[in-house]
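Read top to bottom, the protein sequences are chains A and B. Mapping of the first sequence onto our numbering: position 285 corresponds to residue 285, and the numbering continues sequentially without gaps. Mapping of the second sequence onto our numbering: position 195 corresponds to residue 195, and the numbering continues sequentially without gaps.
For the record, the hints were derived by calculation from the structure and aren't laboratory data. Nothing here was measured: the structure is a model prediction, and the numbers come from that model. Don't be surprised by glycine CBs; every beta carbon is placed ideally from N, CA and C. Be a bit skeptical, because a hint or two may be false.
Stretches of chain B that chain A covers, calculated by requiring three or more beta carbons in the stretch to come under 8 Å of a beta carbon on chain A [claimed, not checked]: (1) 5-15; (2) 19-25.
Computed list of lysine to any residue pairs in SDA-like fashion (alpha-carbon distance at most 25 Å, straight line) [what the hints assert, rightly or not]: (3) B:LYS55 to B:GLN66; (4) B:LYS45 to A:VAL148; (5) B:LYS184 to B:ILE88; (6) B:LYS73 to B:VAL160; (7) A:LYS151 to B:ALA49; (8) A:LYS151 to A:TYR252; (9) A:LYS33 to B:LEU85; (10) B:LYS286 to B:LEU218; (11) A:LYS151 to B:SER29; (12) A:LYS33 to B:SER203; (13) B:LYS184 to A:TRP35; (14) B:LYS286 to A:ILE176; (15) A:LYS151 to B:ASP256; (16) B:LYS45 to B:LYS55; (17) B:LYS286 to B:GLN180; (18) A:LYS243 to A:ASN157; (19) A:LYS151 to B:PRO14; (20) A:LYS243 to A:TYR92.
Calculated Cβ distances over 10 Å to all of chain B for the following chain A residues [what the hints assert, rightly or not]: (21) GLU76; (22) TRP82; (23) ASN83; (24) GLY86; (25) ASN184; (26) SER186; (27) ALA206; (28) ASP242.
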Amino acid sequence: MTETLTRRPVDSAPPPRQPTKKRRRAVAEEPGKPWMIHVPLFLYLLFTLIPFYWMLVFAVRPAGSTQLVPWPISFEHFDTVWNDIGFGIFFYNSVVMGLGVLVFVTILSVMGGYALARFKFRGQRVFLLAMLCSQFIPGAMMLIPLFVIFKGLGLLNSITGLVIAEVAFQLPLSLILMSGFIRNISVELEEAAMVDGCSRLRAFFAVVLPQLKPALVAVGSFAFIGAWNQFLFALMFATRQDKFTLPVGLSYTLGEFNTDFGALAAGGVVAAVPVVLVFAVVQRFLVQGLSAGAVKG
Amino acid sequence: MRTRTWAPYALIAPTLVLMAIFLVYPIGSVVYYSLQRYNVTQPWKNGFAGLDNFKQMLFDDPLFWQSLAFSAKWVVVEVGLQLLLGLILALIVNETFIGRGMARALVFSPWAVSGVLTTGIWILLLNPSTGIFQELSNLGIGSPGTSVLGNPDTVFDALVVTELWRGVPFFAILLLADLQSIPKDLYEAASVDGASRWRRFTSVTLPHLKDAIILSTLLRAVWEFNNVDLIYTLTGGGPANQTTTLPLYVARQAVDSHNFGYGSALTVAGFLILLFFSIAYLRLSKFGSRA
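Bound conformation, chain A alone (with noise of 0.2 Å):
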């Protein structure tokens, strides 16, 4: 699976036994009607699109205009946004509070799942269920301790003491994940470079990590996509405003009355080019890394 990931152009031709539309409808399986696919498929479209849509109109329309169609196009809300209420420096925190998790869910998740995949130890049950176990703990519940815990530790208003907060949910679930995809890479090739002598360290970079590499995206996006989108954390241990990330600032200019529109939508286009573009690039990866039978363990 994971060579075919490796190797597999952008987007999947279809499967060969099926070369045109008209064959495949000569063959048993009948198709479904367009409609069935195409109207649904329209409606919910707009459903997504829309929203998206309204913020992006709302962010380049300069103040006071109603266009849907907004042109000429202004920046002035994102110069706003940017300069004056300081997305400038939430956008810098988010970005180093993202890359941080990135790396460290990564690596750790590497290694505990490397951990899982190739080794029978005592207590391994034991930490797989608590683990699983970690995934019904509320965040929020957690708000009250973990500002002690904090507090004591001299991490409030400090993007380090986020980063190792988020990396302490984010890896149970990553951990697993990437256990799963360790599990479907054959065990037989590592087995035959350490038998000629490779360290089973060496057997691992040179036989598993470049195999791996699908699953390193995967994960790795996905702690980033967690990351930046934190927002219960962020809100609680930073109090002071250059220490704010982008959801902590966006949620600063919401209000359903009383609001700079403009701004919102600026500040929000600010939050959501870096995380949609990350998940179009990725989502496929996600889609066939699950199929692979990552989720089943």
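Please build the complex by placing chain B on the supplied structure of chain A, with the hints as guidance.
Chain B only, in chain A's frame:
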């Protein structure tokens, strides 16, 4: 392969340390705080409270029961609709059609958007003066100046639709992944036997998806129960606490009132309720026993 036994322990050691500090210890301290009077704004009153917090919660706090009831309604409606729409969406984008890759990327994209940003987007869309209802009324559809978020009759529907926008892709992604792992020959065999499209869906697709559906609804129910970002920023639990969930109530006890003792007692209650329902759900649905 099983020689140096210290290796796996060294590999999981950093994870264990993190989990001990940020998961195990906090759970222990929540239980401890729940038995204490612990209010940051009134430190002179702090001390051992026994079960007072729980007594207050069960017998003297209508908002606890109200928030719990709303949480239940929220989870059932939200997860049910997300599953239904997510399944339909997964079936649609699993078909072969031109532009499928693009369609998948687009319909899945709200999954990557945070709760706060979702709130921002939908506040823009639903605002009474320049929102979608105003634009529609300009076209002669509906009445102008409708404030769906400020109106107690419509606020729940607005909240549900907003969360569906970013929640449906989660189910669609998971179920699509599982749909792709169904062997093709199963369908071919069913076709040869003369099974209709609907029959193939009920006797091949659904049984295969069973475990994925159980697992994803459970994960999602826990997640929606604990979902604070969206409701906190979109309605703040209002109007008049009408949309306050239990975790939102906890968050407000912690962030606004700094009443850590009582907030912790609410947390313990929420955790026990979740645990109970999760176990019951897995038992009743016979997870892992594929038909």
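- Query: Can you give the numbers of the hints that this structure goes against, from lowest to highest?
  - Reply: none
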